[in-house]
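J.: Residues per chain, in single letters:
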Amino acid sequence: MQTEREAVPAIQPKKKSARSSNLRSRLRSLRQNVARHRLAYLMIAPTVLAMLLVHLVPTVEAFYMSLLNLNQYTLGQFLAAPFVGLANYRFLLTTPDNPIVSGLGNAARNTMIYTLTVNAGTLGVGMITALLLNRSFRGRGLARTLLLMPWVVPTYAVGLLWGMMWLRDRGVVNMLLVDWLHLLSDKPFWLIGPNTLWAIIIPTIWRQLPFSTVMLLSALQTVPLDLYDAAAIDGASAWQRFRYITLPLIRPVVAIMLLWGAIFTVFGYNIVVMMFGNGGGYPGEWGDLLMPALERQSFRYWLFGLGAAASTMMMFGMMVLVMVWYRIFRTSLIQE
Amino acid sequence: MAILSPRLRKQLTNRLADLLLLGIIVAVLFPIVWMVLNSFRTNQEILTTSALLPRQWQLRNYVDLWQQVNFGLYFRNSLIVCGTTTLIVSLLATFSGYALARFRFPGADLFGLAVLGTQLIPGILFLLPLYVNFIFIKKRLGLPLVGTNVGAIVLYTAFFLPLSLWILRGFFAAIPRELEEAALIDGCTPFGAFWHIALPLARPGLVATAIYVFLTAWDELLFAWVLDVRTIPVGIRLYVGQYTNRFDLMSAASVVATLPVLVIFFLLQRQMISGLTAGAVK
Numbered sequence: 016m017q018t019e020r021e022a023v024p025a026i027q028p029k030k031k032s033a034r035s036s037n038l039r040s041r042l043r044s045l046r047q048n049v050a051r052h053r054l055a056y057l058m059i060a061p062t063v064l065a066m067l068l069v070h071l072v073p074t075v076e077a078f079y080m081s082l083l084n085l086n087q088y089t090l091g092q093f094l095a096a097p098f099v100g101l102a103n104y105r106f107l108l109t110t111p112d113n114p115i116v117s118g119l120g121n122a123a124r125n126t127m128i129y130t131l132t133v134n135a136g137t138l139g140v141g142m143i144t145a146l147l148l149n150r151s152f153r154g155r156g157l158a159r160t161l162l163l164m165p166w167v168v169p170t171y172a173v174g175l176l177w178g179m180m181w182l183r184d185r186g187v188v189n190m191l192l193v194d195w196l197h198l199l200s201d202k203p204f205w206l207i208g209p210n211t212l213w214a215i216i217i218p219t220i221w222r223q224l225p226f227s228t229v230m231l232l233s234a235l236q237t238v239p240l241d242l243y244d245a246a247a248i249d250g251a252s253a254w255q256r257f258r259y260i261t262l263p264l265i266r267p268v269v270a271i272m273l274l275w276g277a278i279f280t281v282f283g284y285n286i287v288v289m290m291f292g293n294g295g296g297y298p299g300e301w302g303d304l305l306m307p308a309l310e311r312q313s314f315r316y317w318l319f320g321l322g323a324a325a326s327t328m329m330m331f332g333m334m335v336l337v338m339v340w341y342r343i344f345r346t347s348l349i350q351e
Numbered sequence: 006m007a008i009l010s011p012r013l014r015k016q017l018t019n020r021l022a023d024l025l026l027l028g029i030i031v032a033v034l035f036p037i038v039w040m041v042l043n044s045f046r047t048n049q050e051i052l053t054t055s056a057l058l059p060r061q062w063q064l065r066n067y068v069d070l071w072q073q074v075n076f077g078l079y080f081r082n083s084l085i086v087c088g089t090t091t092l093i094v095s096l097l098a099t100f101s102g103y104a105l106a107r108f109r110f111p112g113a114d115l116f117g118l119a120v121l122g123t124q125l126i127p128g129i130l131f132l133l134p135l136y137v138n139f140i141f142i143k144k145r146l147g148l149p150l151v152g153t154n155v156g157a158i159v160l161y162t163a164f165f166l167p168l169s170l171w172i173l174r175g176f177f178a179a180i181p182r183e184l185e186e187a188a189l190i191d192g193c194t195p196f197g198a199f200w201h202i203a204l205p206l207a208r209p210g211l212v213a214t215a216i217y218v219f220l221t222a223w224d225e226l227l228f229a230w231v232l233d234v235r236t237i238p239v240g241i242r243l244y245v246g247q248y249t250n251r252f253d254l255m256s257a258a259s260v261v262a263t264l265p266v267l268v269i270f271f272l273l274q275r276q277m278i279s280g281l282t283a284g285a286v287k
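One line per chain: the protein sequences are Z and P, in this order.
Heads up: the first sequence runs through residues 16 to 351, numbered per the working numbering.
Heads up: the second sequence runs through residues 6 to 287, numbered per the working numbering.
Looking at chain P on its own, in the form it has when it is part of the complex (with noise of 0.2 Å):
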């Protein structure tokens, strides 16, 4: 190395660190692109083939997965779960991390404290009960949550609420002060205030929160799968549980399953990646 001028030696490594990040991104593609090409495989071509390309390209795989798997009701359950989850815990969470990022209240910071305390409890803790009284409530009330698309929207809802109004906490303390109480000496209500000049300027990230819960809704499993909730995880679950080695649906399976994902990562890529890095960002 030393005989190399600097600025050569600058070059070389620059050529070094562009190889190794090339090795790193078609490393960390491989597996999505295999998910992909497999789903356009035969099982007898899975199950036997080393080559990389499929033999003949088949769709196959995805009109069995909705005519012999139903996946279709799986599709809709997850749609209409995630969807409404979504609705609701924007809405809600739009209020409370408002109220905690503007109102200096009694009792802010116990709930500032305990909203983060809510994800330091294993699921499982109040799985067990939720479970049991779910089953009562069936039995005394007539409400049907265990097994329907309601209950999973009530868990979620109250599940996905406490991280979220944190995210929203942080877009609206970010917006500047003096705008909402101009709007207050101006005759405004505090509530008015809230909903005409704060709401508006914290539009991206309540998309970014709304993205954050819809995803992290979609990739729900322990509870959807106690309760009995047949979403995609549930639907895949209970599909290869009963036929094993069906790997060429699986790869369909799992492909459907990120195609939404995808499409919002690809519509609204800076909203997911404030979303979801926000989540962890106070």
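Isolated chain Z, as found in the complex (with noise of 0.2 Å):
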């Protein structure tokens, strides 16, 4: 490939006499192309002003502010507070054991622990459950109906609902596990301490799989069934027709939902918000992820300079995470 890439001739340098010339026609061209495809154009300018105000403008301002001391002393003056080059950054990277910063490390730390056990768990449910709804059998209808239900409930009422169920006295998850099944004999805290994460984790799993079942269902149904035939009489297990014929023809979508995912959950704010103090309380360093903390430091205590710089991190976090999914998903993405 880079030998072939190599062997054709680079772009010659254009001659000094040469270049008005082709500018004026590249003018021409241009105005030219705009209005054969004035229409195009008429069509896609609500939107493209939509996303140069409220998505293009906003990020390079965002980039620009965490250059700045901007606080509540300096807010008033926005864009013209104090220039400190990269010092949020830097506060942000030698820092550890300032309280902020070590809150925001244990927002990232937990924001990747939840990434990837949530998109695991909704893989892993999503695809059992998908298996056996990917059966005939009477009730089928009715049964996809019901499991699609968590689907409807907001995700900030997600939060609010599990908060309430995850409390020690008087939730219905230590009732269950304690007062009805006798499968521990101590209440254990959810809201405090490491099992914070669990409490997160839970319901977002919850509220995920509809959305995982229907596309795993959607797209199961689209292998062929004779590819099972032919491999049963070839003497497969039912393991191995998962395996080579199964997850190969279905990894394009598998693809899709994990990237969706990882936006879902690594944006995630919604439940964790609702889930402590019913909306009013700090998740703790164990169930704060970055977003909640984010906007909490930010907001909270006008740290505006250092939250955009802590959200332009965030920012090349998720790309570097989606790049990674690319390379992983390549083949499957463009075979599709």
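Mixed in with the good hints, there may be bad ones.
What follows is a set of in silico ranges between Cβ atoms, one per label pair, in the way DEER data are often shown [unchecked claim]:
| hint | chain 1 | residue 1 | chain 2 | residue 2 | range |
| --- | --- | --- | --- | --- | --- |
| 1 | Z | Leu42 | P | Ala187 | 34 to 40 Å |
| 2 | P | Gln247 | Z | Val49 | 52 to 58 Å |
| 3 | P | Ile190 | Z | Arg150 | 29 to 35 Å |
| 4 | Z | Thr346 | P | Gln247 | 52 to 58 Å |
| 5 | P | Asp69 | Z | Gly100 | 50 to 56 Å |
Derived SDA-like pairs: lysine to any residue, alpha-carbon spacing no greater than 25 Å straight-line [stated by the list, open to error]:
| hint | chain 1 | residue 1 | chain 2 | residue 2 |
| --- | --- | --- | --- | --- |
| 6 | P | Lys143 | P | Thr153 |
| 7 | P | Lys144 | Z | Leu71 |
| 8 | Z | Lys202 | P | Lys144 |
| 9 | P | Lys144 | Z | Met142 |
| 10 | Z | Lys202 | Z | Ser233 |
| 11 | Z | Lys202 | P | Gln49 |
| 12 | P | Lys144 | Z | Gly91 |
| 13 | Z | Lys202 | Z | Tyr297 |
| 14 | P | Lys143 | Z | Tyr316 |
| 15 | Z | Lys202 | Z | Gly292 |
| 16 | P | Lys15 | P | Ile30 |
| 17 | Z | Lys202 | P | Lys15 |
| 18 | P | Lys143 | Z | Thr74 |
| 19 | P | Lys15 | Z | Leu240 |
| 20 | P | Lys15 | Z | Ala158 |
| 21 | Z | Lys202 | P | Thr47 |
| 22 | P | Lys144 | Z | Gln87 |
| 23 | P | Lys143 | Z | Arg311 |
| 24 | P | Lys15 | Z | Val238 |
| 25 | P | Lys15 | Z | Gly156 |
One side only, chain Z facing chain P, incomplete, derived with CB under 10 Å [as the list claims (entries may be wrong)]:
| hint | residue |
| --- | --- |
| 26 | Leu54 |
| 27 | Ile59 |
| 28 | Pro61 |
| 29 | Val69 |
| 30 | Leu94 |
| 31 | Met142 |
| 32 | Ile143 |
| 33 | Pro169 |
| 34 | Val187 |
| 35 | Leu264 |
| 36 | Phe319 |
Source of the hints: derived by calculation from the structure; they are not laboratory data.
C-beta atoms are modelled at their ideal positions from N, C-alpha and C, and glycine is treated no differently.
Grab the two chains, each in its own frame, and use the hints to assemble them into the complex.
T.: If you want it as structure tokens, here you go:
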């Protein structure tokens, strides 16, 4: 590949005299292009405007804000606040003992664990559920509809609901585990300490399960049945059929699911915020995620410069994640 | 297992699979059932009971929600914000989605890539400057964008446009091009071909997209919270922040917030699923 590319002659540097006429002809062709595609440009114009005003401009502003000492005293000056270069980034990276930085560090660690666990869990349980649904039996439509129900509960209500369910003394989870089923002898704390990670992971898997079930089920239904028959005749076990026929064929859907799952979990906010103190509390060292932590640090303490720097780092983290995702699933995406 | 005949074995695994599925369904439904049951209990009962069913079914919580918590206002605001956003986004996304699906114009690839790229930006990153910008606009131009439904509608419209047009693009691309070409030959303008031929055919996609926008807006808390827009999630959060441990009202509020989604689900299940999954499939 590489040698082929090198064999193509490099573009000749243009001569100076040709440049101005070249520019003029380019401008002309641009104008012609705009005229020819006027309808297309008119149709995308509102969206482009919206994306410029509410996505691009604020993002650029935020990059610049991350280079400013923008706090409650300088907020009035906004973009004229003292320029401090990379000081906010340096502060975030070199003072791990500062309570704000360590709080964000905890949130970053939790977000990573949360993203990995929720998506692995959603994929695993969703796959089992989809396989169970992908058989012919009476009441299949009803079963599918019932399994979709968590989807209709808004995520903030999910946080509120599970926050009540996880309560130590009166929560239904501990009632179930201790009073009804006697699986545990003592009621554990779910909303304090390391258990809080599970307290946010499990409801998120619960909420995301319908989505992954629907996606995987529709993917499973596109697999041609005669492939299974042929494999069965060749003596392939059920696991082998799943591993070598089903899995490769549904890989593109798994790829898309994981990407959206990653966006949903990395940027997760509602469930965590509404779960602790019924929406007013601090999620604690093991329950905090990046979005709630950044919102709290930025808006409660008016640390906009620092918040912008941390948000920028988060965006680069997300880009790295997407690049890793792309490398893993590149082949199955192109096949599609 | 070896002593069982293959047919019997297959039947046995099928019954076991049924059982497992039943278990999953019960586990998945239980939290919702619990939420609904709690919404009919008194707070006293929630804090003391271990029984599954309420001692006495009472509607007091729902009445209190409207009379004490002013939930009617939040509910109305949510309907206004989400409804208006849905209308505007659906209209604009139709145009842009069609352009991206049908026309090969210079910059189309960049535009498509930028549309997807917006999804990778953490909301908090542009919330910080937007918040200051909105306050600036209010001070200098007198446009009240903070604490009003208008501010939320402007923001939500811009946020949900990119993905919505991406969903619609897929629906338009699935329509055979020949129909519009025939209309063009018959003397239709390119816009006419879009409006009279493609748009009616893409109606299921439009419904799916509208549902997607409405439900995403219905579920939005971060921006509404920071910009002080009194939608349902903000109202609930404000209320429970003030009076903790009113689990009866919280359950009722969760049920009320879920109901519109449930109605959409039962009326338009197919479109809702296609809208929410099309948001994820290209």
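J.: Please go over all the hints and tell whether each is borne out by the structure.
T.: Hints, one by one, checked against the model:
At about 37 Å, the beta-carbon gap between Z/Leu42 and P/Ala187 stays in the expected band of 34 to 40 Å. The hinted range of 52 to 58 Å is satisfied by P/Gln247 and Z/Val49, whose Cβ atoms lie roughly 56 Å apart. Evaluation of the 29 to 35 Å hint for P/Ile190 and Z/Arg150 yields a failure: the beta carbon distance comes to about 50 Å. Range check, Z/Thr346 to P/Gln247: Cβ separation about 54 Å, and the 52 to 58 Å hint holds.
Separation of P/Asp69 from Z/Gly100 is about 55 Å and conforms to the stated range, judged on CB atoms against 50 to 56 Å. Among the hinted pairs, P/Lys143 with P/Thr153 is consistent with the structure: their alpha-carbon atoms are about 11 Å apart, no more than 25 Å. Between the alpha carbons of P/Lys144 and Z/Leu71 the distance comes to roughly 23 Å, so the proposed pair stays at or under 25 Å and holds. With a CA separation close to 54 Å, the supplied pair Z/Lys202 and P/Lys144 exceeds the 25 Å bound.
Between the alpha carbons of P/Lys144 and Z/Met142 the distance comes to roughly 53 Å, so the proposed pair goes past 25 Å and is violated. With a CA separation close to 41 Å, the supplied pair Z/Lys202 and Z/Ser233 exceeds the 25 Å bound. Distance check on the hinted pair: Z/Lys202 and P/Gln49 sit about 21 Å apart at the alpha-carbon level, within 25 Å; holds. With a CA separation close to 12 Å, the supplied pair P/Lys144 and Z/Gly91 stays within the 25 Å bound.
Proximity of Z/Lys202 to Z/Tyr297 is assessed by CA-CA distance (about 22 Å); at most 25 Å being required, the pair is judged to hold. For the proposed pair P/Lys143 and Z/Tyr316, the alpha carbon gap of about 22 Å is at most 25 Å, so the pair holds. Pair hint Z/Lys202 plus Z/Gly292 holds up; C-alpha atoms about 19 Å apart against a cutoff of 25 Å. Taken as a hint, the P/Lys15 and P/Ile30 pair is honoured in the structure, with Cα atoms around 22 Å apart against an allowance of 25 Å.
A threshold of 25 Å between alpha carbons decides the hint, and for Z/Lys202 with P/Lys15 the separation of about 41 Å lies outside it, so the pair is violated. For the suggested pair P/Lys143 and Z/Thr74, the alpha carbons sit about 21 Å apart, so the restraint of at most 25 Å is met. Simply put, P/Lys15 and Z/Leu240 have alpha-carbon atoms about 18 Å apart, close enough for the 25 Å limit, and the pair holds. For the hint pairing P/Lys15 with Z/Ala158, the CA-to-CA distance comes to about 21 Å; that is within 25 Å, so the pair holds.
Proximity of Z/Lys202 to P/Thr47 is assessed by CA-CA distance (about 24 Å); at most 25 Å being required, the pair is judged to hold. In summary, the hint linking P/Lys144 to Z/Gln87 is supported, as the alpha carbons are separated by about 18 Å, within the 25 Å threshold. Restraint check for P/Lys143 and Z/Arg311: the C-alpha separation of about 24 Å stays at or below 25 Å, so the hint holds. This hinted pair checks out: P/Lys15 and Z/Val238 have alpha carbons roughly 21 Å apart, not beyond 25 Å.
Distance restraint check for P/Lys15 and Z/Gly156: the Cα-Cα separation of roughly 22 Å lies within the 25 Å cut-off, and the hinted pair is therefore satisfied. For Z/Leu54, the interface hint holds, the least distance from its beta-carbon to any beta-carbon of chain P being 5 Å, beneath 10 Å. Restraint check, Z/Ile59 versus chain P: the minimum CB separation of about 5 Å is within 10 Å; hint holds. Annotation: interface hint on Z/Pro61 holds; nearest CB of chain P at approximately 5 Å, less than 10 Å.
Satisfaction of the interface hint for Z/Val69 is found here, the shortest Cβ-Cβ separation to chain P being roughly 3 Å, below the 10 Å cut-off. Hint status for Z/Leu94 relative to chain P: holds, with the closest Cβ pair at about 9 Å, below 10 Å. Using the Cβ-Cβ criterion of 10 Å, the hint placing Z/Met142 at the interface with chain P is not satisfied: the shortest such distance is roughly 12 Å. At a threshold of 10 Å, the smallest CB-CB gap from Z/Ile143 to chain P is about 8 Å, leaving the interface hint in force.
Given the 10 Å rule on beta carbons, the hint for Z/Pro169 holds: about 5 Å separates it from the nearest Cβ of chain P. Below 10 Å, beta-carbon pairs count as interface contacts, and Z/Val187 has one with chain P at about 6 Å; its hint therefore holds. Taking 10 Å as the C-beta contact cut-off toward chain P, the hint placing Z/Leu264 at the interface is violated, the least distance being around 15 Å. This hint holds: Z/Phe319 has a C-beta 5 Å from the nearest C-beta of chain P, less than the 10 Å allowed.
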